[in-house]
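**Student:** Dock chain one against chain two, each of which comes alone in its own frame, and use the hints as you go.
Here are the chains, one letter per residue:
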Amino acid sequence: MKDMMKITSSLVVMFIVAGIIMTSVFARTAPIIKIAKEREEKEARQKMMPEADDIIEAGKWDVSGKQGKYFECKKSGETTGYLISTYGKGYSSYINILIATGKDMKIKAINILSHSETPGLGDEIEKEYFRKQFEGKSLEQIEIVKAEGTDKIQAISGATISSRAVGNGVKEAMKFLKEKYTGVTD
Amino acid sequence: MSYWQLLKNGIFGENPVFRLALSLCPAVAVTNSVKNGFLMGIAVLFVQTMANVTTSLLRKFIHPKVRIPSYMFIIATWVTVTDLVMAAYVRDVYAQMGLYIKLIVAFAIILSRSELFASKNKVVPSFFDGLGMGTGFLLALVIIGFFRELLGRGSLWGIPIVPTKPLLIMILPAGGFFAVGILMGFFNWIDMKFFGGKGASGAGGGH
Chain U
1 MKDMMKITSS LVVMFIVAGI IMTSVFARTA PIIKIAKERE EKEARQKMMP EADDIIEAGK
61 WDVSGKQGKY FECKKSGETT GYLISTYGKG YSSYINILIA TGKDMKIKAI NILSHSETPG
121 LGDEIEKEYF RKQFEGKSLE QIEIVKAEGT DKIQAISGAT ISSRAVGNGV KEAMKFLKEK
181 YTGVTD
Chain Y
1 MSYWQLLKNG IFGENPVFRL ALSLCPAVAV TNSVKNGFLM GIAVLFVQTM ANVTTSLLRK
61 FIHPKVRIPS YMFIIATWVT VTDLVMAAYV RDVYAQMGLY IKLIVAFAII LSRSELFASK
121 NKVVPSFFDG LGMGTGFLLA LVIIGFFREL LGRGSLWGIP IVPTKPLLIM ILPAGGFFAV
181 GILMGFFNWI DMKFFGGKGA SGAGGGH
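Chains as they are written, first to last, in my numbering: chain U, 1 to 186; chain Y, 1 to 207.
Since the hints were made in silico from the structure, they are not lab data. Treat the hints with caution; some may be incorrect.
Once the Cα atoms are required to be at most 25 Å apart in a straight line, the calculated DSS-like pairs of lysine-lysine come out as [said to hold, decoys possible]:
# : chain 1 : residue 1 : chain 2 : residue 2
1 : Y       : Lys60     : U       : Lys2
2 : Y       : Lys102    : U       : Lys37
3 : Y       : Lys35     : U       : Lys132
4 : U       : Lys108    : U       : Lys66
5 : Y       : Lys102    : U       : Lys127
6 : U       : Lys2      : Y       : Lys102
7 : Y       : Lys165    : U       : Lys132
8 : U       : Lys89     : Y       : Lys102
Okay, the calculated beta carbon distance ranges per label pair [unchecked claim]:
#  : chain 1 : residue 1 : chain 2 : residue 2 : range
9  : U       : Lys42     : Y       : Gly154    : 29 to 39 Å
10 : U       : Val145    : Y       : Ser2      : 52 to 62 Å
11 : U       : Gly149    : Y       : Ala95     : 30 to 40 Å
12 : Y       : Phe61     : U       : Glu128    : 50 to 60 Å
13 : U       : Lys132    : Y       : Ala106    : 30 to 40 Å
14 : U       : Lys106    : Y       : Ala106    : 37 to 47 Å
15 : U       : Glu128    : Y       : Trp4      : 37 to 47 Å
Computed from a predicted structure; not experimentally measured. By construction, the Cβ of each residue, glycine as well, lies at the ideal position given by its N, Cα and C atoms.
Bound-form chain Y, shown alone (with noise of 0.2 Å):
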């Protein structure tokens, strides 16, 4: 595959969230605004590129019989690496962030590229997977982000669009699950009616 193409995969045909339907916690958990879904895209972006890189490069090394706790253990590094760093350099940011960067730690779709790609390919498509990934789930998180601020709290990053709420629940974790659901369901159509594919293939399954 292209670089191209390994951008295009993260960010549609397996997109984390809507195709591969890994780190649905965090979809649903952050989501009730687009600046959270945004912000929490950003530093899983980071991480999973940098996770994606270091077990490249590290494929070698690590044994096989250990290499989860070894993912795991890179993974953590660059979280915590992050945390520090952005605590002490960019405060201003770290108060909007600095809730959702430790929750990166355990999130499925890091470790899952880091086992079904990084591990397997060299440094160069692996940094481009990450981002395709990272960027995927970016995306979803803010089109989840944007549907449920919308209806649930009627406005658009902070900004007031409706002077009501129209749909409570939407930004409660029930609402979550609607949003998610739909918009799973929404992709999976566009995909069978136009480009000829079998809905959503589960974590992993298209290796």
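Chain U on its own, in the form it takes in the complex (with noise of 0.2 Å):
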């Protein structure tokens, strides 16, 4: 019984240090990364859309049970084009994907925003090869294959599943986007 009452007490002492520790350090980070994830997220706007001189959040729409954002890119008040971002359920984690699309709705570029894919394999879809392949693409040409030299986007050798769910993030969003800007529903 007494050493009962030593193991939780050293226990118990231990995890509220331990707590006030990460509590501390916590509150003093948090405000300075959300911050940083903004100014990045915007930068990253910027940069998916270099030539529009004026990035407006339209709103937010739901893809596998999270919220992504889009937004309408003008240049001179004209809308030239879009910009969403979406998710894709990878191997580990929701992969954060922006995409830049024209009004015709072809892709223009995607970019990674965030994931915690396997360090080696998965995260190969930061990678430019991958991310090329995307490029001037309309929704229906979107198709994640195995096979090597065909038109379609090849899977990265070894993160297959990482692969799909970029694919697949990128083709509900540009769904999404098809439905709300020209109306065609199929």
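**Tutor:** So, in structure tokens, the structure goes:
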């Protein structure tokens, strides 16, 4: 009984001290992280649509249990394209993707904003050679295949699930944009 | 043991990967390029050293019956603090290393050094033991990463050396096992041939 009290008190004291340390570090860093993240997101948007002089948040949309945002990109008052952030359910995380499209609903570029996929395998989705495959494609053309040398999007070897997740996320987002802005439903 | 010997012990005598065969999971998972191995190694070096120092400071206070959860808690605290501080103050480094840091909580080598060394030794030797073990782990990951990236991708630190991918399997998990196994055998061979050792002793067998 005495032993049990000792064990309990030793653990409780440790947990309280560690809890205080972690809470205080969290309280100090959380606002800094939030501001930095917002700034990075804004910069990422501008980079995806360099010619736009105004990027306006147009609303939020739901994708695989998460909420993405979409933006209208304007140049001297006229809409030239759209930006949409979407999520794909990957191997070990939600992959946050930002897509830039023109008014013709063809993908201009995609960018991976955040994910926690396997280092060394899944994180290859960030690489340019994978992302570049999406460029110029429209909704119907997005398909992830394992084979080499097709005009489809080739999955990364060793990271098929992560590749598919990006493909699905992009597909959902394109479908949403198409319905929203061209009124076409298929 | 002198401090220098403690350092050397972690790097050669009881190298976490090649001699103790501990933390092989990250040694296989993140070493398909030199850069990944290096970043993970740096993160482990820091957490290993800090966890060793903290465990040693608290060694009289930690109740022996609940020592493992206590060590885990120390490690988790340090990993969380590192993760948050890096996310807030060094964003560009964090963008590269963020993936790896959270994984460290579950590394066998860190828990193993808390149990085998830091809980029985004073703070300064524990510090050097952590530094040595962390450096040994870092070096092992860089060596494995060197061969895997060179053979699997034909590049080093992301810079292309040859235009083809000579042995693609080396960057896949299976290639990681090959690389670790062959290098471990090589280290054993050196040890037996030149230093009269008996080969890898397995986790904590030297104690």
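**Student:** Would you mind marking each hint as holding or not holding in the structure?
**Tutor:** Against the structure, the hints come out as follows:
With a C-alpha separation of about 18 Å, the suggested pairing of Y:Lys60 with U:Lys2 holds against the 25 Å cut-off. The straight-line distance between the Cα atoms of Y:Lys102 and U:Lys37 is roughly 19 Å, inside the 25 Å bound, and the hint therefore holds. Proximity of Y:Lys35 to U:Lys132 is assessed by CA-CA distance (about 23 Å); at most 25 Å being required, the pair is judged to hold. Proximity of U:Lys108 to U:Lys66 is assessed by CA-CA distance (about 24 Å); at most 25 Å being required, the pair is judged to hold.
Pair hint Y:Lys102 plus U:Lys127 holds up; C-alpha atoms about 22 Å apart against a cutoff of 25 Å. A threshold of 25 Å between alpha carbons decides the hint, and for U:Lys2 with Y:Lys102 the separation of about 37 Å lies outside it, so the pair is violated. A threshold of 25 Å between alpha carbons decides the hint, and for Y:Lys165 with U:Lys132 the separation of about 20 Å falls inside it, so the pair holds. For the proposed pair U:Lys89 and Y:Lys102, the alpha carbon gap of about 20 Å is at most 25 Å, so the pair holds.
At roughly 38 Å, the beta carbons of U:Lys42 and Y:Gly154 sit within the given window of 29 to 39 Å. Between U:Val145 and Y:Ser2, the C-beta spacing of about 60 Å keeps the proposed range 52 to 62 Å intact. Restraint check, U:Gly149 to Y:Ala95: a C-beta distance of roughly 33 Å satisfies the suggested window 30 to 40 Å. Taking the beta carbon of each, Y:Phe61 and U:Glu128 are about 52 Å apart, inside 50 to 60 Å as hinted.
In this structure the supplied range 30 to 40 Å holds for U:Lys132 paired with Y:Ala106, their Cβ-Cβ distance being about 35 Å. Separation of U:Lys106 from Y:Ala106 is about 44 Å and conforms to the stated range, judged on CB atoms against 37 to 47 Å. Between U:Glu128 and Y:Trp4 the CB atoms are about 46 Å apart, so this pair conforms to the stated range of 37 to 47 Å.
Of the numbered hints listed earlier, the single one contradicted by the structure is hint 6.
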